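Q: So the protein lines, in turn, are chains U, A and Y. Number 342 in this note's numbering belongs to position 342 of the first sequence; there are no gaps in the numbering. Number 269 in this note's numbering belongs to position 269 of the second sequence; there are no gaps in the numbering. Number 130 in this note's numbering belongs to position 130 of the third sequence; there are no gaps in the numbering.
Bear in mind the hints are in silico, worked out from the structure with no lab data behind them. For clarity, every value in this text was computed on a predicted model and none was experimentally measured. Be careful, since some hints might not be right.
[What the hints assert, rightly or not] Computed footprint of chain Y on chain U, listed as stretches where at least three residues anywhere in the stretch have a Cβ under 8 Å from a Cβ of chain Y:
hint, segment
1, 250 to 263
2, 486 to 496
3, 683 to 694
4, 734 to 743
[Stated by the list, open to error] With a straight-line Cα cutoff of 20 Å, these simulated EDC-like cross-link-like pairs (lysine to aspartate or glutamate) come out:
hint, chain 1, residue 1, chain 2, residue 2
5, A, K10, Y, E70
6, A, K260, U, D675
7, A, K45, U, E124
[Said to hold, decoys possible] Just some of the chain U residues that point at chain Y, by a computed CB distance under 8 Å:
hint, residue
8, V26
9, G28
10, R29
11, Y32
12, D35
13, S294
14, W565
15, Q566
16, G568
17, G652
18, G656
19, A658
20, Q660
21, I697
Beta carbons: idealized from backbone N, C-alpha and C, even for Gly.
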Amino acid sequence: MSSTLKPQDLKVVGSRPLRPDGVDKVTGRARYGADVNLSGQLIGKVLRSPHAHARILAIDTSLAEALPGVKAVVTRDDFPDMPEEYAAAGELTINYRDVTRNMMAREKVLYDGHPVAAVAAISESIARQALALIKVDYEVLPHVIDVREAMRPDAPLLHEAQYTEGISPRPDRPSNIAKRIEFSRGDVAAGFARAEVIVEREFNTQPVHQGYIEPQACLASTTEDGQAELWTSTQGHFVFRAQCAKLLAMEVSRIRVTPTEIGGGFGGKNNIYNEPLAIALSRKSHRPVKMVMSREEVFRATGPTSGGNVKVKLGATKDGRITAAQAELNFQAGAYPGSSVAPASMCAFTRYDLDNVRVIGHDVTCNRPKVAAYRAPGAPIAAFAVESVIDEMAAKLAIDPLEFRLKNAAREGTQTYYGPKFGTIGYVETLEAARAHPHYRAPLGPNQGRGVATGFWFNIGGETSASVNINEDGTVALMHGTLDVAGGSRAAMAMMVAEELGIAYEHVRPIVGDTAALGFNFITAGSRGTFAGGMACVAAARQAIERLRHRVAAIREVPVEAVAWQDGCARPAEGSAHQFAPMSLAEIGRVAGRTGGTIAGHAEINAQGAGPGFGTHIVDVEVDRETGAIRVLRYTVVQDVGRAIHPAYVEGQLQGGAVQGIGWALNEEYVYGADGVLQNPGFLDYRIPVASDLPFIDTVIVEVPNPRHPYGVRGCGEVPIIAPLAAIANAVAQAIGIRFFDLPLSPPRVLRAIAEAAGGPA
Amino acid sequence: MSEMRYAAPKTLAAAVALLAGAQGRARVLAGGTDLLIQMRTGRIKPELLIDIKGIPGMGEIVAERGGYRVGAAVTGMQLIEHADFAKRWPGVVDGVRLIGSIQVKGRATLGGNLCNASPAADSVPALIAAGAVACIAGPDGAREAAVETVVAGPGKTSLAAGEIVTALLLPPRPAHSGDAYLRFTPRSEMDIAVVGAAVNLTLDAQGICTQARVALGAVASRALLVPEAAAALIGTRVDAGALGQLAAAARAASRPIDDKRGSREFRLSTAGVMVCRAAEIALERARRNDG
Amino acid sequence: MARHHVKATVNGDAVEFLCETGQTLLEALRDELHLTGTKEGCGTGDCGACSVMLDGRLVCSCLVLGVEAEGRSIETIEGMAVGEELHPLQQKFLEHAALQCGICTPGILIAARALLERNPDPTESEVRFWLAGNLCRCTGYHKIVEAVLAAAREMRAA
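One chain only, chain U, in its complex shape (with noise of 0.2 Å):
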């Protein structure tokens, strides 16, 4: 479906009404994960490895399970071996296989957090005494965390039939390298050959955490005929559904997933961890297993990003044209295969025309918690490598930066490396506005330096169902399943139907459906859910108008052409001859049960045609030559995001979504012991942005329509994270002419580099 609505004829859309759950969070009567409780219930605990990497040998539950007030305990003895079977999971994919044994492990322990067994227990004290007395026998093995030492043929080994798939003839001997990937096109080396200038640089950065501030909760609930009720904080209550059924080995049906509201997600929550043991619990004990996991838990053992390192090679000629472009990227993928490294090898340089490109990409297991997504997966870190080298090649060229990635910018007919053609795109708009604000302009004291960068995110659509109900009154329930993970989505969904109805967005009320209420919903991820959800939602409203023509046609005794929707009324249609007295939507409602009974559309699509998304970042910041510490000054937003249904909740991504690109590129790591357990699993010493560190974060909304989306949205909440880490290296390298190829920029990093530079101590 498309449209060519004009910003001039929208009533609601592109307002800014108040979210309608805003109440409930002001007021603290939200339910998140934590906040559901059923009478009787258990509070579940996990028993989580000690070790990085360690053979189990043997599990001793006996116990705990004597140990008056535990009501039940699960070991890998209560979960069915799963064979390899691969599903989607967000932008992500997954093998049944693993998400069983990192669920629960089976022959091995391949992190510090990897859960043993789970208990239920009466009380939380008393779970905590039980999971002391379950002695686990283990060999500890050595391990391996660093990407590039997990690649080395010597290294520590995790999966002993791992051969690393993509590379032809099969590897004889296993490898922590579980697959190769690699995307083409035209001649590289040819390229390479005219380029007149050629960068080459190598990168690394560290794993960081989505760090939503809500830890994963889930409460269950089970009965003796094998139904299961699951309330749990997540993303996408039907792929959770789909991933308990399968690890239980039950049918889809017998389980009921309510999502709670959630304390952010950022792709953290694409995944189940506590919600099979919780159902398993639950069943064994006969009583409802609520899990909570505390702020260590979710470190130790909730999927991350990648670390990477990541090599990138770039050619042009002196005019500033870009003849080839090279890349190697090497991803930890964690305890089992599945990063983000194919996306990240995707969109590495996408940004730009290019003939010449090959971009190879290793997925590599590692002994750390198996990575999930984190707000458009792996691209901050290609970009980080790639828009450093982009930069380093504007200064060298001697060419501005924004002018050197407009001269070799995508656009529409743009082919790109990894498949298709891009449609109608605004890389370019973005680019133009970010040169023309003022922030490029503004002048710069000493040791502050102004860095751009660029990100590109594909965004989805995906399965999605919605229902529009009218109700007796002439209000209308809209029931979607497109979680909203705190985007604001919901408002903005509601504001389509409202202005697809005609109506004002206080009388329609957005309900999140349960998994028994709709068809399948995937999960909210790849920027989808006012993309998905709202191509979903205006396609039931449309359903529903076409019910209430046929409704009104037959209460009016005219023929169905004769009958318009406008401005929340059926009249005659323009030109017709059949004139008739209008009818309200609260007519309408006030008749419907008694002329053939509700009226209602609904709509169960695969929402195809997501617009992709680009982004421009402008930062200044303050280098203090003497500490290394770097503050960030002035930042700003540019992003095509299509249409902002609702602009404030557009704003919020991108602030939202630049300020966690900030601590990554600043702060934010994972650090591990020499032993292998992670040392910093808090928010003390793992350090993100607070409020004091942020200046205000500008934004520039551009609107370059999606044809394919009836509104023209593209999903907005990913590509802001991608452009800040190299923004501010680029920045870094302008304030005191170091560049900085590794990431966190921590002080000790910084001042140790100005130190060198300087030729001495500092």
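The hints should help you fit chains A and Y onto chain U, whose structure is shown.
A: The following block gives chains A and Y in isolation, referenced to the frame of chain U:
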């Protein structure tokens, strides 16, 4: 934790008796901002918590003999909000301001920050530089000890069994005195100090430094009083040359470790930088302060 | 396992609850008094999601024992609105879209109200430093700071 007991004695004698009687298995609870975290991780497992907040005088700031008596259970926020104290000892208040968040400062106490004995405790260097003295009560009576002698090492104090710090005494202030505390952290707030430096100095009418005390935090197993650093300032106008000597003395005295918050080399370098910046602020305050 | 019987005042109401020595005020509020508006983000005083007022002082309830609440007065997010009237901070947060997932919002509102009660005209920097103990991962703090400054303006004009 289910067997752990809680007592809230109303007199100092009762608190000392409980602590002495528990033979090492009790902990004093003041603000609890370190204690609760340590209990939660299982690092300590006390059998008895002795809450001292109800003992008269523990939570008061009293002007006394030209100086101040600050009860050990005075919270960070209380001290920051005490206008006269903040005017007299801005450096001590600098340090207290940097203890955690507003929320943490609403509970954290001066006594607790000292007796928790973290080498990076933010209030301690400035108290040492101020020449503060700890009042201690124990089974054998009351005594006083210079603050720099109270901490023995990470997590360890020199207090004998059954002893409790009851107050910190700050001496009278000569005219033209100023103090300051600065620390280095990666974020602007909320971090543990990677390096902390406190400088307290007094000038004569001609602007020459006649007295000084310099203390460093987070660069050794406990906060250090560095007489050599003070000597670099005494007799000078605290000019660039003196500051250079000050930085060198600070670095020479530092014995930092490598840990996840900072490397040894970074701490050494930054100690020199922060102590000079603190000295400059103390100097500015001394010049403005007519006593 | 003897539990303490604690009597306190919460949002103006006299309340009683039982708790073990090691249980925090946060756990008591959520699990014994069923006031789940106050959230646990970290349990170690680093995130501020559990912020409440204790005898007029802004504190992290995860760093206060339940038994320490004896005889004290506690204010939580549930008491911030008065009847139907949202506090100006709550209203401004809605108008300025200063919340997304909302998990940090109760703690930030309690902290912001404490700021404006002692400093009705804070600068942007004063707001940021006061709120440094409240982590937010969704908003980047921009709209939160704007909303607090807007509420301060409105409260000064009233």
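Q: Now tell me if each hint is right for this structure.
A: Quick rundown of the hints versus the structure:
Counting residues of the segment 250 to 263 of chain U whose beta carbon lies closer than 8 Å to any beta carbon of chain Y gives 3, which meets the minimum of three for the stated coverage. With 3 residues carrying a beta carbon less than 8 Å from a beta carbon of chain Y, the segment 486 to 496 of chain U meets the three-residue requirement, and the given coverage holds. Only residues whose beta carbon comes within less than 8 Å of a beta carbon in chain Y count, and the segment 683 to 694 of chain U has 8; three or more means the coverage holds. A count of 0 residues in the segment 734 to 743 of chain U with a Cβ less than 8 Å from any Cβ of chain Y is obtained; the coverage claim is therefore unmet, three being the minimum.
Using a Cα cut-off of 20 Å, the hinted pair K10/A and E70/Y holds, with the two alpha carbons roughly 14 Å apart. In summary, the hint linking K260/A to D675/U is supported, as the alpha carbons are separated by about 14 Å, within the 20 Å threshold. A hinted pair counts as satisfied when its Cα atoms are at most 20 Å apart, and K45/A with E124/U qualifies at roughly 17 Å. Proximity of V26/U to chain Y holds as hinted, the smallest CB-CB distance being about 4 Å (cut-off 8 Å).
A hinted interface residue such as G28/U counts as satisfied when its beta carbon comes closer than 8 Å to some beta carbon of chain Y; here the least separation is about 2 Å, so the hint holds. Because the beta carbon of R29/U sits about 7 Å from the nearest beta carbon in chain Y, less than 8 Å, this interface hint is met. For the restraint placing Y32/U at the interface with chain Y, the shortest Cβ-Cβ distance is roughly 6 Å, inside the 8 Å limit, so the hint holds. Because the beta carbon of D35/U sits about 4 Å from the nearest beta carbon in chain Y, less than 8 Å, this interface hint is met.
At a threshold of 8 Å, the smallest CB-CB gap from S294/U to chain Y is about 6 Å, leaving the interface hint in force. Taking 8 Å as the C-beta contact cut-off toward chain Y, the hint placing W565/U at the interface is violated, the least distance being around 31 Å. Because the smallest distance between the Cβ of Q566/U and any Cβ of chain Y comes to about 31 Å, over 8 Å, the interface hint for this residue is violated. Proximity of G568/U to chain Y is violated relative to the hint, the smallest CB-CB distance being about 25 Å (cut-off 8 Å).
Taking 8 Å as the C-beta cut-off, the interface hint given for G652/U holds, the closest approach to chain Y being about 6 Å. Because the smallest distance between the Cβ of G656/U and any Cβ of chain Y comes to about 5 Å, under 8 Å, the interface hint for this residue holds. Hint status for A658/U relative to chain Y: holds, with the closest Cβ pair at about 6 Å, below 8 Å. Annotation: Q660/U was flagged as interfacial toward chain Y, and the flag holds, the nearest CB pair being 7 Å apart, inside 8 Å.
Checking I697/U against chain Y by beta carbon gives a least distance of about 5 Å; that is within 8 Å, so the hint holds.
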